[in-house]
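Take the sequence shown: its position 143, counting from 1, is numbered 143 in my numbering, and each next residue is one higher.
There's no promise every hint is true.
As the list claims (entries may be wrong) - Using 27 Å as the maximum straight-line C-alpha spacing, the simulated DSSO-like pairs for lysine-lysine come out as follows:
#: 1; residue 1: K55; residue 2: K9
#: 2; residue 1: K9; residue 2: K29
#: 3; residue 1: K37; residue 2: K96
#: 4; residue 1: K206; residue 2: K157
#: 5; residue 1: K27; residue 2: K37
#: 6; residue 1: K157; residue 2: K124
#: 7; residue 1: K27; residue 2: K9
#: 8; residue 1: K27; residue 2: K125
#: 9; residue 1: K96; residue 2: K107
#: 10; residue 1: K173; residue 2: K125
#: 11; residue 1: K82; residue 2: K6
#: 12; residue 1: K56; residue 2: K43
#: 13; residue 1: K157; residue 2: K173
#: 14; residue 1: K124; residue 2: K96
#: 15; residue 1: K56; residue 2: K37
#: 16; residue 1: K9; residue 2: K157
#: 17; residue 1: K82; residue 2: K182
#: 18; residue 1: K29; residue 2: K124
#: 19; residue 1: K96; residue 2: K43
#: 20; residue 1: K157; residue 2: K170
#: 21; residue 1: K82; residue 2: K43
#: 22; residue 1: K107; residue 2: K124
#: 23; residue 1: K107; residue 2: K186
#: 24; residue 1: K6; residue 2: K43
#: 25; residue 1: K124; residue 2: K9
#: 26; residue 1: K96; residue 2: K6
#: 27; residue 1: K124; residue 2: K55
#: 28; residue 1: K182; residue 2: K29
#: 29; residue 1: K182; residue 2: K170
#: 30; residue 1: K37; residue 2: K170
#: 31; residue 1: K107; residue 2: K157
Unchecked claim - What follows is a set of in silico ranges between Cβ atoms, one per label pair, in the way DEER data are often shown:
#: 32; residue 1: V53; residue 2: A95; range: 37 to 47 Å
#: 33; residue 1: A148; residue 2: R49; range: 30 to 40 Å
#: 34; residue 1: K124; residue 2: G171; range: 29 to 39 Å
#: 35; residue 1: K182; residue 2: G149; range: 37 to 47 Å
#: 36; residue 1: E197; residue 2: E143; range: 20 to 30 Å
#: 37; residue 1: D79; residue 2: Y105; range: 29 to 39 Å
#: 38; residue 1: P110; residue 2: K173; range: 11 to 21 Å
Simulated from the structure, these hints should not be mistaken for lab results.
C-beta: ideal position from N, C-alpha, C; glycine also.
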Amino acid sequence: MADQPKEVKLYGNEFSGYCTMVHAALKLKGVAHEYVKEDLQNKSEALLRHNPVYKKVPVLVVDGEPIAESLVILQYIDDVWKNPPLLPEDPYQRAKVRFWAGFVYQKLVPPTYDIRRSEGDARKKAEEEFVANLITMENGVREELWSAGGSFIDGEKPGLIDVIMGSCYKGLKYLEDVAGVKLVEKDRTPLLCSCMEAFAQLDVVKTA
């Protein structure tokens, strides 16, 4: 995109962690945008028109052109608004970040839905699956991505994994409370927990 976009709209809902990711990324980048709050029980015609395939939030509309699906949107944002970068310049490191971003969607998100929808042994099994996968991610991120010396995985400034995990932090703590489970604890995953807490404390994230 040769010129900077003139009109940016985000269709979202504050109870969606996926929307929080995108909203936080826009805030971190300093992108002026309009936030269009969607009633998920009564979706607007505009949302359904912009995302006719999945019919859900978030949808980013840039100069009238819609982009759907949070992970796709996050990478689009980083391509269009370069600073501060969410992805590293090195192609190999970018691939590693994308791998662990996909891991969150494929291995961490599904058990949280199972925890919400189940009880008893089924809930316990989903909790154990989530914790085991989070520990796997902790070890992988520490070995492959972590830049020691800062508050975030990338170092002094949050990157894509920080945005994704940090945006989920309060939702995970809420799920712990309502479901009576333990998902994120510093003694098990100290790096991810500290990075999520640091991200949640950023002023631009609090407003998102």
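Against the structure, the hints come out as follows:
For the suggested pair K55 and K9, the alpha carbons sit about 16 Å apart, so the restraint of at most 27 Å is met. For a cut-off of 27 Å, the pair hint linking K9 to K29 stands: about 15 Å separates their Cα positions. At roughly 33 Å between alpha-carbon atoms, K37 and K96 are farther apart than 27 Å, so this suggested pair is violated. As the CA atoms of K206 and K157 are separated by approximately 16 Å, the hinted pair is consistent with the 27 Å bound.
Distance hint between K27 and K37 is fulfilled; the C-alpha atoms sit about 16 Å from each other, no more than 27 Å. Proposed proximity of K157 and K124 is contradicted: the alpha carbons are some 36 Å apart, above 27 Å. For the hint linking K27 to K9, the alpha-carbon distance of about 13 Å falls within 27 Å, and the restraint holds. Note on K27 and K125: the hinted pairing is violated, with a Cα-Cα distance of about 37 Å set against a maximum of 27 Å.
Distance hint between K96 and K107 is fulfilled; the C-alpha atoms sit about 16 Å from each other, no more than 27 Å. Distance hint between K173 and K125 is fulfilled; the C-alpha atoms sit about 18 Å from each other, no more than 27 Å. At most 27 Å may separate the alpha-carbon atoms for a hinted pair to count; K82 and K6 meet this at roughly 16 Å. Straight-line distance between C-alpha atoms of K56 and K43 comes to about 8 Å, which keeps the hinted pair within the 27 Å bound.
For a cut-off of 27 Å, the pair hint linking K157 to K173 stands: about 23 Å separates their Cα positions. At roughly 31 Å between alpha-carbon atoms, K124 and K96 are farther apart than 27 Å, so this suggested pair is violated. Between the alpha carbons of K56 and K37 the distance comes to roughly 12 Å, so the proposed pair stays at or under 27 Å and holds. Proposed proximity of K9 and K157 is supported: the alpha carbons are some 25 Å apart, at most 27 Å.
For the suggested pair K82 and K182, the alpha carbons sit about 37 Å apart, so the restraint of at most 27 Å is broken. At most 27 Å may separate the alpha-carbon atoms for a hinted pair to count; K29 and K124 exceed this at roughly 39 Å. Of the pairs offered as hints, the one joining K96 and K43 is violated, with about 36 Å between alpha carbons and a cut-off of 27 Å exceeded. Note on K157 and K170: the hinted pairing holds, with a Cα-Cα distance of about 20 Å set against a maximum of 27 Å.
The straight-line distance between the Cα atoms of K82 and K43 is roughly 32 Å, outside the 27 Å bound, and the hint therefore fails. A C-alpha spacing of about 16 Å is found between K107 and K124, which places the hinted pair at or below 27 Å, so the restraint holds. Of the pairs offered as hints, the one joining K107 and K186 holds, with about 20 Å between alpha carbons and a cut-off of 27 Å not exceeded. Taking the CA atoms of K6 and K43, the gap is about 25 Å. The hint holds against a cut of 27 Å.
This hinted pair does not check out: K124 and K9 have alpha carbons roughly 40 Å apart, beyond 27 Å. For a cut-off of 27 Å, the pair hint linking K96 to K6 is broken: about 32 Å separates their Cα positions. A distance of roughly 32 Å separates the Cα atoms of K124 and K55; the hinted pair therefore is violated under the 27 Å criterion. A hinted pair counts as satisfied when its Cα atoms are at most 27 Å apart, and K182 with K29 does not qualify at roughly 33 Å.
Restraint check: the Cα-Cα separation between K182 and K170 comes to about 13 Å, which is no more than 27 Å; the hinted pair holds. Between the alpha carbons of K37 and K170 the distance comes to roughly 20 Å, so the proposed pair stays at or under 27 Å and holds. Note on K107 and K157: the hinted pairing holds, with a Cα-Cα distance of about 25 Å set against a maximum of 27 Å. The given range of 37 to 47 Å is broken by V53 and A95, whose C-beta atoms sit roughly 26 Å from each other.
Between A148 and R49, the C-beta spacing of about 47 Å breaks the proposed range 30 to 40 Å. A hinted range of 29 to 39 Å is violated for the C-beta pair K124 and G171, which are about 20 Å apart. For K182 and G149, the hinted distance range of 37 to 47 Å is not satisfied, since their beta carbons lie about 29 Å from each other. Separated by about 21 Å at the C-beta atoms, E197 and E143 satisfy the suggested range of 20 to 30 Å.
Checked against the hint of 29 to 39 Å, the pair D79 and Y105 fails, with Cβ atoms roughly 19 Å apart. Look at P110 against K173: about 19 Å separates their beta carbons, and that is inside 11 to 21 Å.
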